[in-house]
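Protein chains: 2
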Amino acid sequence: MALVVQKYGGSSVADAECVKRVAQRIVATKKAGNDVVVVVSAMGDTTDELIDLAEQVSPLPPGRELDMLLTAGERISMALLAMAIANLGHEARSFTGSQAGVITDDSHGKARIIDVTPGRIRSALDDGSIAIVAGFQGVSQNSKDITTLGRGGSDTTAVALAAALDADVCEIYTDVDGVFTADPRIVPTARRIPSISYEEMMEMAACGAKILHLRCVEYARRYNIPIHVRSSFSQRTGTWIADSTEGSEMEQAIISGVAHDRSEAKVTVVGVPDKVGEAATIFSVLSDAGINLDMIVQNVSAAATGRTDISFTLPATDGQTALTALNKVKERIGFESLQYDDRIGKISLIGAGMRSHPGVTAKFFSAIAEAGVNIEMISTSEIRISVVVSQDDVEAAVTAAHRAFELDADQVEAVVYGGTGR
Amino acid sequence: MALVVQKYGGSSVADAECVKRVAQRIVATKKAGNDVVVVVSAMGDTTDELIDLAEQVSPLPPGRELDMLLTAGERISMALLAMAIANLGHEARSFTGSQAGVITDDSHGKARIIDVTPGRIRSALDDGSIAIVAGFQGVSQNSKDITTLGRGGSDTTAVALAAALDADVCEIYTDVDGVFTADPRIVPTARRIPSISYEEMMEMAACGAKILHLRCVEYARRYNIPIHVRSSFSQRTGTWIADSTEGSEMEQAIISGVAHDRSEAKVTVVGVPDKVGEAATIFSVLSDAGINLDMIVQNVSAAATGRTDISFTLPATDGQTALTALNKVKERIGFESLQYDDRIGKISLIGAGMRSHPGVTAKFFSAIAEAGVNIEMISTSEIRISVVVSQDDVEAAVTAAHRAFELDADQVEAVVYGGTGR
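Listed in order, the protein sequences are those of chains A and B. Sequential numbering from 1 applies to the first sequence in the numbering used here. Sequential numbering from 1001 applies to the second sequence in the numbering used here.
Worth flagging that the hints you see were computed from the coordinates, not collected in a lab. Be a bit skeptical, because a hint or two may be false.
If you want the ones that stay clear, here's a sample from chain B, every Cβ over 12 Å from chain A, calculated [as the list claims (entries may be wrong)]:
{"no.": "1", "residue": "Thr-1046"}
{"no.": "2", "residue": "Leu-1050"}
{"no.": "3", "residue": "Pro-1059"}
{"no.": "4", "residue": "Gln-1099"}
{"no.": "5", "residue": "Ser-1143"}
{"no.": "6", "residue": "Gly-1271"}
{"no.": "7", "residue": "Thr-1281"}
{"no.": "8", "residue": "Glu-1331"}
{"no.": "9", "residue": "Glu-1406"}
Chain A regions said to be covered by chain B (calculated; three or more residues, Cβ under 8 Å) [stated by the list, open to error]:
{"no.": "10", "stretch": "42-54"}
{"no.": "11", "stretch": "75-89"}
Below, a list of computed lysine to aspartate or glutamate pairs in the EDC-like style, where the Cα atoms sit at most 16 Å apart [claimed, not checked]:
{"no.": "12", "chain 1": "A", "residue 1": "Lys-20", "chain 2": "B", "residue 2": "Asp-1052"}
{"no.": "13", "chain 1": "B", "residue 1": "Lys-1020", "chain 2": "A", "residue 2": "Glu-55"}
{"no.": "14", "chain 1": "B", "residue 1": "Lys-1275", "chain 2": "B", "residue 2": "Glu-1218"}
{"no.": "15", "chain 1": "B", "residue 1": "Lys-1328", "chain 2": "B", "residue 2": "Glu-1406"}
{"no.": "16", "chain 1": "B", "residue 1": "Lys-1328", "chain 2": "B", "residue 2": "Asp-1288"}
{"no.": "17", "chain 1": "A", "residue 1": "Lys-363", "chain 2": "A", "residue 2": "Glu-406"}
{"no.": "18", "chain 1": "A", "residue 1": "Lys-330", "chain 2": "A", "residue 2": "Glu-278"}
{"no.": "19", "chain 1": "B", "residue 1": "Lys-1020", "chain 2": "A", "residue 2": "Asp-52"}
{"no.": "20", "chain 1": "A", "residue 1": "Lys-20", "chain 2": "B", "residue 2": "Glu-1055"}
{"no.": "21", "chain 1": "A", "residue 1": "Lys-20", "chain 2": "A", "residue 2": "Asp-115"}
{"no.": "22", "chain 1": "A", "residue 1": "Lys-275", "chain 2": "A", "residue 2": "Glu-336"}
Built from N, CA and C at the ideal position, the CB exists for glycine as well.
Let's have the full structure, built from the sequences with the hints guiding it.
Next comes the structure, spelled out in structure tokens:
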């Protein structure tokens, strides 16, 4: 008998019919002889509707109260799911994040899980019950206030519970059949990736693949929890994410996939005096403003002027904050001007095989060049190469890279089953 | 500085604008130098919408899960209210029933409060914060599951918190200006009752006055918490409910008001053998079926037949259950048949002055007779006389009784401010 943790996103429980269908899948897993713990998100657009209500009441609602409000969403979906399971003749008990023992820090809206004490979940399982847990939420260790985990929160809840319960697998249900070699909306012949290492999946997530959030994969790697990403609308096998050392028998592709991200912006600080410590000042100012930078490029200083340009990318949503913070220290640092461009896109090639295949970089750049796309910035890791291009060139660059590394399938594999959001 | 507990019903927080208006009233109370604890119901039709969702998923949802679902309603309204107060520059913290220390028994859907441990509320007040508490909900002592209190639950939460916190007053806000001598929809010249004793208010509630639920008044009497029922849409003084011995200076009316109730049905068990114990069997069968009876009348046995008829009233919603339970014991008891009538109405005259004014009953019956209304059943207590009439005669009987006891005001006093439900 295995212990299976399943996570269903908002599109999988968008309405009463969806809830009933998911209940059948859960009961089937239980009937197959497994203990089942289910983590569920809020139904469809519930969270957006609650945020809309909050905005009608206050332009800047306190984080504590916004978390209290938003956690009503999973409360509704989890109770309905438990009812639907009961209606199929199986016992199910729903638990809030707090009841499930998801202990977090005090950062409302983006709390981090610091402990999981799933005593009540264990008791429910011991009683032969299916446990339904609200995703995305917890209770803060110090103030005992309700918190939400922010983006990717429900996936992280599922992995954290799987770790705390020593589950055999964490199944993440979504509206596609797994992780693909590229976004099927751009590359219709993208292939489903049958298995991928934590490391590669983390790079995929960090580079814009929206199927799993980075923190969820990080958590799974830390506790070595195998993740199975699959569709709640089909019975097909999806993508297994696991420690690559364990799957030595799996055929290791050189390149796992091509990810893209249109959500970043590029800032260039023009004419920075080429003195020791100037770059450090710039980056500590941004860090103090709570901004996470992605790629950073510094040009060689022009000998004639003694000045250099520093470019970096960051989430476009942080753009205004960054410009304001930098303008405040313009005099102190003595740079000449700021340039801002949010019409960029990042294309990343990810693959553990890159380590031992030195020709990958050249092939990637050639493919992009042949597609007539200009590269603005470059950054690399051991298993990833990323380039920044104009946002208008994203599709051409992704398609070219995908073809160059022979990732295309013979036929269309990807089906998007759901409709709205996740 | 006083400690004020305020309760706002669903119509007072029906939408974002209503929530903001209520927030202003709460802040005004705080600014006047009071500590303020607010109990809030779910917004407008939220509870009905959640029940509708549950019905789409399961015809008979487990009580535990239905309670989990429904408590999402107050979670939303209380968080929004706290945000609206914060937006006015005052700190407010929302608390679920569980967080507020509302401990109940395990009866899902109709839990009874067995203890209130408002440590977190007290801390919030000590910090100068306004505390917002979800009405209608608690946490069960044994299983630690979320429970709901059933009808009148939010009012009861408010009174229970007021008792536990030793509050100076519990203000119940609604969409009318207080308790009236009759339902203003039937008697437009009904008068606002400035003050009324717990005892009389309990009779009013038990006899169909919907403004407060019986259990809430019972709770207030037990702990001697003054209740002020008033409108959230005006600044007028409403009705004070308090111990009558304390208000000896108040002018005591002989009759407080006329209540009516159209929600009951009448069952007649025809031809019951006139033997010792037959009535007891009938009523223990009904009691075992969980039915609360209201009025009971037994006719004098007809000497010729040795048989008698027993009539009783009960909530019409329990009618089918009662008939089924009685039909099962028809052979054993040997009665002849059952008659069922849900087209009845009950008119009750309530007043503590009745004790010392023996002519009240005669005057009441005369007034009803003069209105051409036939009385089907009669029951009395020390401070109440109730009669059952045909449902079509309810308005005529109420109007006649109200006029006979000179309760009419010179002008229309009652204004119904809100729109939908409570």
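Evaluated hints:
1. Some Cβ of chain A comes within 12 Å of the Cβ of B/Thr-1046; the nearest lies about 10 Å off, and the non-interface call is violated.
2. Its closest Cβ contact with chain A, about 7 Å, brings B/Leu-1050 to no more than 12 Å, contrary to its assignment away from the interface.
3. Not every CB of chain A is more than 12 Å from the CB of B/Pro-1059 (nearest about 7 Å), against its label as outside the interface.
4. Non-interface status of B/Gln-1099 relative to chain A is broken: a Cβ of that chain comes within 12 Å, the nearest being about 8 Å off.
5. Non-interface call for B/Ser-1143 relative to chain A: violated, since the shortest CB-CB distance, roughly 10 Å, does not exceed 12 Å.
6. Every Cβ of chain A is farther than 12 Å from the Cβ of B/Gly-1271; the closest lies at roughly 43 Å, confirming the non-interface assignment.
7. Every Cβ of chain A is farther than 12 Å from the Cβ of B/Thr-1281; the closest lies at roughly 36 Å, confirming the non-interface assignment.
8. With a closest Cβ-Cβ approach of about 35 Å to chain A, B/Glu-1331 is found to remain outside the 12 Å limit, as its non-interface label requires.
9. Even its closest Cβ contact with chain A, about 47 Å, leaves B/Glu-1406 beyond 12 Å, as expected for a residue assigned away from the interface.
10. Residue count for the stretch 42-54 of chain A with a Cβ under 8 Å from a Cβ of chain B: 3. That meets the three needed, and the coverage hint holds.
11. Taking a C-beta to C-beta cut-off of 8 Å, the stretch 75-89 of chain A contributes 10 residues in contact with chain B, enough for the three needed, and the coverage statement holds.
12. This hinted pair checks out: A/Lys-20 and B/Asp-1052 have alpha carbons roughly 15 Å apart, not beyond 16 Å.
13. Proposed proximity of B/Lys-1020 and A/Glu-55 is supported: the alpha carbons are some 12 Å apart, at most 16 Å.
14. For a cut-off of 16 Å, the pair hint linking B/Lys-1275 to B/Glu-1218 is broken: about 37 Å separates their Cα positions.
15. With a C-alpha separation of about 49 Å, the suggested pairing of B/Lys-1328 with B/Glu-1406 is violated against the 16 Å cut-off.
16. A distance of roughly 13 Å separates the Cα atoms of B/Lys-1328 and B/Asp-1288; the hinted pair therefore holds under the 16 Å criterion.
17. For the given pair, A/Lys-363 sits about 12 Å from A/Glu-406 by alpha-carbon distance, which is consistent with the 16 Å threshold.
18. Of the supplied pair hints, the one linking A/Lys-330 and A/Glu-278 holds, its CA atoms being roughly 11 Å apart against a limit of 16 Å.
19. In summary, the hint linking B/Lys-1020 to A/Asp-52 is supported, as the alpha carbons are separated by about 15 Å, within the 16 Å threshold.
20. At roughly 12 Å between alpha-carbon atoms, A/Lys-20 and B/Glu-1055 fall within 16 Å of each other, so this suggested pair holds.
21. For the hint pairing A/Lys-20 with A/Asp-115, the CA-to-CA distance comes to about 32 Å; that exceeds 16 Å, so the pair is violated.
22. Between the alpha carbons of A/Lys-275 and A/Glu-336 the distance comes to roughly 15 Å, so the proposed pair stays at or under 16 Å and holds.
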